Amino acid sequence: MKKFIVHISVFSLLVTVTILAVFSRADGHSDQFYLKLTGTQKSNLILGTSKAAQGIQPEILKKHLEVEPFNYAFAIYASKYGDVYLNSIKSKLDTTKSDQVFIVTVDPWSISSTSKNPNDIDTFRENKSFLNSVKEPSNSANYNYLINHFEGNYYNILSKSSPAFLHDDGWLEVNIDNDSTSVANRTLFTINDYKKNLKKYNYSSARLSYLMKTIEFLSTYGNVYLVRLPIHPELMDIENTYMPDFDSKISEAISSSKGYLDLTNDNSGYHYIDGAHLHKESGAKISLRIANWIKELPN
Amino acid sequence: MLFNSIDFAIFLPIVFAIYWAINRGALKIQNALLVLTSYIFYGWWDWRFLALIIFSSSVDFFVGKALSKTSVKHKRKTLLLVSIIANLGLLGVFKYYDFFVQSFVDAFTFMGVNLESNSLNIIIPVGISFYTFQTLSYTIDVYRRKLEPTNDAIAFFAFVSFFPQLVAGPIERATNLLPQFFKKRHFDYNKATDGIGQIIWGLFKKVVVADNCAIIANQVFDNYTQYSGSALALGAVAFAFQIYGDFSGYTDIAIGTGKLFGFNLKQNFAYPYFSRNIAEFWRRWHISLTSWFKDYVYIPLGGSKLGKTKAIRNIFIVFLISGLWHGANWTFVFWGLFNALLFIPLYLANRNRRYLNIVAIDRYIFSLRDFLSILTTFCLTTIGWIFFRAESITIALDYIKNMLNASLFSMPYVFRVGKLEAVLVLLFVLIMLSIEWIGRRKKYALSFSPNTNLWARWTVYYVIVVMIFLFGEKQQDFVYFQF
Chain L
1 MKKFIVHISV FSLLVTVTIL AVFSRADGHS DQFYLKLTGT QKSNLILGTS KAAQGIQPEI
61 LKKHLEVEPF NYAFAIYASK YGDVYLNSIK SKLDTTKSDQ VFIVTVDPWS ISSTSKNPND
121 IDTFRENKSF LNSVKEPSNS ANYNYLINHF EGNYYNILSK SSPAFLHDDG WLEVNIDNDS
181 TSVANRTLFT INDYKKNLKK YNYSSARLSY LMKTIEFLST YGNVYLVRLP IHPELMDIEN
241 TYMPDFDSKI SEAISSSKGY LDLTNDNSGY HYIDGAHLHK ESGAKISLRI ANWIKELPN
Chain W
1001 MLFNSIDFAI FLPIVFAIYW AINRGALKIQ NALLVLTSYI FYGWWDWRFL ALIIFSSSVD
1061 FFVGKALSKT SVKHKRKTLL LVSIIANLGL LGVFKYYDFF VQSFVDAFTF MGVNLESNSL
1121 NIIIPVGISF YTFQTLSYTI DVYRRKLEPT NDAIAFFAFV SFFPQLVAGP IERATNLLPQ
1181 FFKKRHFDYN KATDGIGQII WGLFKKVVVA DNCAIIANQV FDNYTQYSGS ALALGAVAFA
1241 FQIYGDFSGY TDIAIGTGKL FGFNLKQNFA YPYFSRNIAE FWRRWHISLT SWFKDYVYIP
1301 LGGSKLGKTK AIRNIFIVFL ISGLWHGANW TFVFWGLFNA LLFIPLYLAN RNRRYLNIVA
1361 IDRYIFSLRD FLSILTTFCL TTIGWIFFRA ESITIALDYI KNMLNASLFS MPYVFRVGKL
1421 EAVLVLLFVL IMLSIEWIGR RKKYALSFSP NTNLWARWTV YYVIVVMIFL FGEKQQDFVY
1481 FQF
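Chains L and W, in that order, give the protein sequences. In this text, residue positions in the first sequence follow the working numbering: the first is 1, and each later residue adds one. In this text, residue positions in the second sequence follow the working numbering: the first is 1001, and each later residue adds one.
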């Protein structure tokens, strides 16, 4: 028995050291969210789901607005407006700074729920997501996230071959095949996905109230700008069918913010990797447009 | 509790340490610990269903005792019936009630009569099909006087609930496992390290092979209308390896864990994808279930001794029940039927017992003929898996129809699966098949002889553990838990 315990202990130690060595190499190539949940607290947050995570580039905003924005947008299953996202924002935000710029992206899905009762916050999908589990998104290393929520397998930490790269400022750069066939294939999938999932979604007044609470909280530290990002025209049709009165639903949020920029009027003027997410070149254009819009708004 | 979870990684060493610490004490305490920890293991999912295991164990324990006290034929038959009705009744209510009610309602709807459906909407208790069959084997064997009934309730309850194999087998026979609870167990270094090796190999098959194959299989099966024939074929092959890696991986972890506690569980898979015909496949796939049906259904029905017609009827019955055992859905019944249709021609041609030994038993490599037979068997099995995996028979037929067209020869494209991921999945499958080929004469492919150099053995284990860590997908459920 003693021999067995010694051997198994040495073996376990060796494996543990290997695991820690791999974890220490985690960076922006490793995972789409990890870096956002480590490091220091950040100011000038960009909020929303994956559309914002990929579509808004802080580097461009920084050049034109003279602030250092941080993209703290995640994914539709984790960062729709609600208690979980608001708490995470509160933990991540550097509250020692004032006059910050906050870009809060909105769309019908961010104020909807797939729960049976769309206003029952206890059944919201994000309750089971990493964002609810990771209570301290500003630690130097986040083992809780790495062990329990890391996306894909750990080989990505070493291979650095992922087509997605998470920049230090939180922007998720995605480099996948951009030929017309690949884009058309992916867009078709997204359209079918939207159609399939449409039945599951319902408008949630609870989420809208959390959007309001988020704006209210952020307003203490600066100006909040609401933005609706463009999407593929066919997906826009689905969104319009699903929630034709979106703008009137968020009217209170619009009036609580510094301004509302609806970019869906120009949907066909941009390129998307899959219909829902902007291609990085279009993302750059959009980021510049947002920066110019903010600059032009009266103080 | 899942074998591939952090919970189990904490649970197992604690139980192991306490178990061997009390080794010097009474055997009963060790068995009692196994009952307690098995109930904790099972209750981790839903403690309410523990009542079913306790009920099932109690009925069979008392039926066993009562059988020992009477030799009156009709009394013994009644006692056996009590056990069968209690166990199959549980299975019927919890697993099949809704299915049969719905099928009944659908049949009437088809004939133009609308009936109200009164479904129970009960969650199926994890592993119910496994432990009810295990405990049922006890009463049947006692009834047949193949086994002496036990008076040791703790040992019996430990036999029914033994956590390594409680929820997904192997379905142990009382004749093999129960006597092991009566013998004092001694820690054996070689057996324990062999157990660790088998657990590692099982984890590799589950989290590296099966869970990575699942990414492709799930994507394709869930969106099958959008894929080309080649992608659908790829999805079906991915599912074939997913289900094999998943289930045989679970079995290896179960057997390995059993070894850590000094137990020998039965081999459940014997390299089924190296089979040269369907009959051989069924001797090598889920052996504990196949042999259960053979001993407790096929042979009592007369087996092959009552002429060919009745033998064919019996084969059909066994395959159909076997299909239904897997799940309350017509897809499983159809899957059983499909396999019966593949098996019967072999039986009629007297070729069902043609391949009793593993392929190329005295050679390093297979012959071309062996290769073609293996490939044909694999393709037929994979078509069967489409029925097993699809949500309905219509979808499965549609899947096959979409697969068998000119696009079958195009380059497969699977959404959200990059080239690197696809190559890695292929590599994992090849690694598994290569190791299995090399180790095909052994009980499990990665087993080493005790004389193997310690460093060589631990280096192999280390490489595989690192692969599990680097390439393993996160904590996915085992497919067979639903059965």
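Some hints could be false.
Claimed, not checked - EDC-like cross-link-like pairs, simulated, lysine to aspartate or glutamate; straight-line CA separation at most 20 Å:
1) L/K249 / L/E239
2) L/K280 / L/E296
3) L/K160 / W/D1007
4) L/K200 / W/D1222
5) W/K1419 / L/D177
6) L/K128 / W/E1473
7) L/K196 / W/D1222
8) L/K213 / L/D122
9) L/K160 / W/E1473
10) W/K1183 / W/D1222
11) L/K128 / W/D1007
12) L/K199 / W/D1222
Hint data in this document are derived by calculation from the structure and do not stem from the laboratory. Since we're looking at a predicted model, the values are computed, not measured.
Here's how the hints hold up against the structure:
| no. | hint | verdict |
| --- | --- | --- |
| 1 | L/K249 / L/E239 | 14 Å, holds |
| 2 | L/K280 / L/E296 | 24 Å, violated |
| 3 | L/K160 / W/D1007 | 30 Å, violated |
| 4 | L/K200 / W/D1222 | 16 Å, holds |
| 5 | W/K1419 / L/D177 | 11 Å, holds |
| 6 | L/K128 / W/E1473 | 18 Å, holds |
| 7 | L/K196 / W/D1222 | 11 Å, holds |
| 8 | L/K213 / L/D122 | 17 Å, holds |
| 9 | L/K160 / W/E1473 | 17 Å, holds |
| 10 | W/K1183 / W/D1222 | 50 Å, violated |
| 11 | L/K128 / W/D1007 | 17 Å, holds |
| 12 | L/K199 / W/D1222 | 17 Å, holds |
Against the hints set out earlier in the document, violations occur for numbers 2, 3 and 10.
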